[in-house]
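**Q** As a plain string of letters, each chain reads:
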Amino acid sequence: MEKSTDQELMSMVLKKNTRALKILYSRYEKPIYNFILRYTGNKEIAQDLLQETFTRVWFAAHSFNHDSGNFKGWLYTIALNISRNEMSKKRYAYHYCEISEIPYQDEPAGPRSQEPDAEMEQAEVKNAVAKALGKLSPLLREIIILKHYQQLKFSEIAEMSQTPEGTLKARFHRAMAQLKDLLDPREL
Amino acid sequence: MPHENRDALLSLFYHEASPPEEQKMRQHLASCEDCREYMQVLSRMNTALSHWQDEKPLSDTFDRILANIPPEQPRAIYVKPGISARPIFNIAFALISILLLIYFVQSQISALPLWQSLAQYWIVQALGSFGFVALAFLGIGTFITLSLAPILYFDLNKRALHI
Chain P
1 MEKSTDQELM SMVLKKNTRA LKILYSRYEK PIYNFILRYT GNKEIAQDLL
51 QETFTRVWFA AHSFNHDSGN FKGWLYTIAL NISRNEMSKK RYAYHYCEIS
101 EIPYQDEPAG PRSQEPDAEM EQAEVKNAVA KALGKLSPLL REIIILKHYQ
151 QLKFSEIAEM SQTPEGTLKA RFHRAMAQLK DLLDPREL
Chain L
1 MPHENRDALL SLFYHEASPP EEQKMRQHLA SCEDCREYMQ VLSRMNTALS
51 HWQDEKPLSD TFDRILANIP PEQPRAIYVK PGISARPIFN IAFALISILL
101 LIYFVQSQIS ALPLWQSLAQ YWIVQALGSF GFVALAFLGI GTFITLSLAP
151 ILYFDLNKRA LHI
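These protein sequences, in sequence, are chains P and L. So the first sequence is numbered by this note's numbering: it starts at 1 and just counts up by one. So the second sequence is numbered by this note's numbering: it starts at 1 and just counts up by one.
Rather than coming from a laboratory, the hints here were simulated on the basis of the structure. Where hints are given, some of them may not hold.
As the list claims (entries may be wrong) - Calculated lysine to aspartate or glutamate pairs in the EDC-like style (CA-CA distance at most 20 Å, straight line):
no., chain 1, residue 1, chain 2, residue 2
1, L, LYS56, P, GLU52
2, P, LYS131, L, GLU55
3, P, LYS126, L, GLU55
4, P, LYS180, L, GLU37
5, P, LYS126, L, GLU37
6, L, LYS56, L, GLU37
7, P, LYS131, L, ASP54
8, P, LYS72, P, GLU52
Said to hold, decoys possible - Not everything, but these chain L residues come out facing chain P in the computed CB check (under 10 Å):
no., residue
9, LEU10
10, ASP34
11, TYR38
12, LYS56
13, ILE65
Said to hold, decoys possible - Covered stretches of chain P (in silico footprint by chain L; criterion: 3 or more residues with CB under 8 Å from a CB of chain L, positions within the stretch not fixed):
no., stretch
14, 27–40
15, 76–84
Beta carbons: idealized from backbone N, C-alpha and C, even for Gly.
Only chain L is shown next, with the shape it has when bound in the complex (with noise of 0.2 Å):
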């Protein structure tokens, strides 16, 4: 018998052949007497094999399987507190720090004869010499942060898109 013959006999027998091969062996089977005869042995060896049936594994197999897994180590959780003192810290730490520079700028301001001059505008007399370098200050932070602004932002994208 050919060898695809006796494959195709295979896909027949276990129902793996496509419906025009399915088609096209009955064909062949009907006219082949050598065919007929393998299918025959295919039947007789299936029935035979069927008599050896399934079986039952232990009953305390899972329990033995989970014997060999190391339990589980609990895990360490970390519990974000609700109030945390560090930013608070840092806040009053930076306008402390803030409030000593405009202070230490303003009495070597005061000291040049510019300031002489400007204190004759009535809005440095009102905030006088410390709120007008507070508003200073103020100013200046403002535009150094408008500044670098879309460099910050274009950096901050550029992390989000890991590039």
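In isolation and in its complexed conformation, chain P is listed as follows (with noise of 0.2 Å):
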């Protein structure tokens, strides 16, 4: 079952096999919680709507394209919605977190860095990217991490977000002229 298929193992999902979900969960985890934690800059939050996203999976499998259905597309749509309904939902009292300051506890402590300084200032220029995104409107963020981060083409990005690709061009021109005000000046 390993090897199967993104589209077989929805299949599978579909006929509510819970060890389908687990293989889909285990390639997709990384990418939707990293797409997700920078969207919402927030670790709690991007661990409840990584859980929400793939549960939605297992109840809307039916929704999704079995014959022709792009999986990976599919499940973008599905993190990228529940997002953006988090972030329209806590418009007023929701701030984009500095990520550095929520450790889990289940994070492994690693061996003391030899250069402690080397791993603060590592950890500083995280933040300030962090902040920088966070400074961003969420649009701008968005294509910002679906481009860099989650390196989707621009047409796939069109396709699941139903905006043209020419918008989604201009937003970025935008966002990389923000970026650039924010960051250039650290010399980063």
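Both chains come to you apart, so use the hints to assemble them.
**A** Okay, here's the thing in structure tokens:
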């Protein structure tokens, strides 16, 4: 079953096979988690939304096109809709967090770095990037995450977000210009 | 910088341009300072964004997903019995009905004057009134079945084709 394609696994999920869901989860947990994490800027929310995304895959398996559907695109569409929904719900109370502030208990402590300064600098840079992303509007942040981090093609993003490619590219240019203003002075 | 050039630069930067487009843009880059500068911005931002590396979700997430999924209800399985008494009863009932009908018809027919003339034939004598009526029923039944066969055949095929 491990070698089955995403489509084959989705057919099994439709027949209520939890093992097939687990294989799909293990294939996509990391990219989807990181997509949501960068979108929301909050580890706890990303964790909850990751859970919600795969729960929705289970319950909405019948709506996936089992003959010619692109599972990856379908999954990202679910994650994107859930994340957008979450962001709009918390519009007034929610702020994009500083990622490094919320360590998880089951994260391995790791060996102590030989160069704590370098480690601190790395964390600082990561925080600066997270803050800069947090300052972008959700639509601009979305395109940066999908394009840069998730390495999706513009055509794929256009299909899943139902937005013309030209609009997406224009957003990308705007996002780049804003990021340049936010990050360039720091000379990252 | 013209808008279409920026879009083409994006395609070039993310390796989404076709080979002729790529060649055209590379030629353009060699002579356009603005575009070269924009490619450098893309490259710098790309490097900066890469500082935020992928992280791992909690290890028990899938267990929590499973907890949200209701356990599957055991399906009621219908086990077909090896021998069913119903068809046997049906056949027995049909046979008894036919035999009673034949008995009734032969008792009626043997009182007719027509029977006296038929009884002269050796085959009628050999079969007796009961056997003769049974043979007559068999003949009529076969005739009706063969007459209806084309209609039944067409009907079954029509159902199979969902017409």
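**Q** Look at each hint and say if it fits the structure.
**A** Hints and how they fare:
Proposed proximity of LYS56/L and GLU52/P is supported: the alpha carbons are some 17 Å apart, at most 20 Å. In summary, the hint linking LYS131/P to GLU55/L is supported, as the alpha carbons are separated by about 17 Å, within the 20 Å threshold. Among the hinted pairs, LYS126/P with GLU55/L is consistent with the structure: their alpha-carbon atoms are about 12 Å apart, no more than 20 Å. Simply put, LYS180/P and GLU37/L have alpha-carbon atoms about 12 Å apart, close enough for the 20 Å limit, and the pair holds.
Taking the CA atoms of LYS126/P and GLU37/L, the gap is about 25 Å. The hint is violated against a cut of 20 Å. Annotation: proposed proximity of LYS56/L to GLU37/L is violated, straight-line Cα distance about 36 Å (limit 20 Å). Distance restraint check for LYS131/P and ASP54/L: the Cα-Cα separation of roughly 16 Å lies within the 20 Å cut-off, and the hinted pair is therefore satisfied. For the hint pairing LYS72/P with GLU52/P, the CA-to-CA distance comes to about 16 Å; that is within 20 Å, so the pair holds.
Because the smallest distance between the Cβ of LEU10/L and any Cβ of chain P comes to about 6 Å, under 10 Å, the interface hint for this residue holds. Interface restraint check for ASP34/L: the shortest CB-CB distance to chain P comes to about 13 Å, outside 10 Å, so the restraint is violated. Taken as an interface hint, TYR38/L checks out: its beta carbon lies about 9 Å from the nearest beta carbon of chain P, inside 10 Å. Proximity of LYS56/L to chain P holds as hinted, the smallest CB-CB distance being about 6 Å (cut-off 10 Å).
Of the supplied interface hints, the one on ILE65/L holds, with its beta-carbon coming within about 5 Å of a beta-carbon of chain P, less than 10 Å. Here the stretch 27–40 of chain P counts 7 residues with a CB under 8 Å from a CB of chain L, which clears the bar of 3, and the coverage holds. Beta-carbon proximity to chain L at under 8 Å applies to 0 residues in the stretch 76–84 of chain P; the threshold of 3 is not reached and the given coverage is violated.
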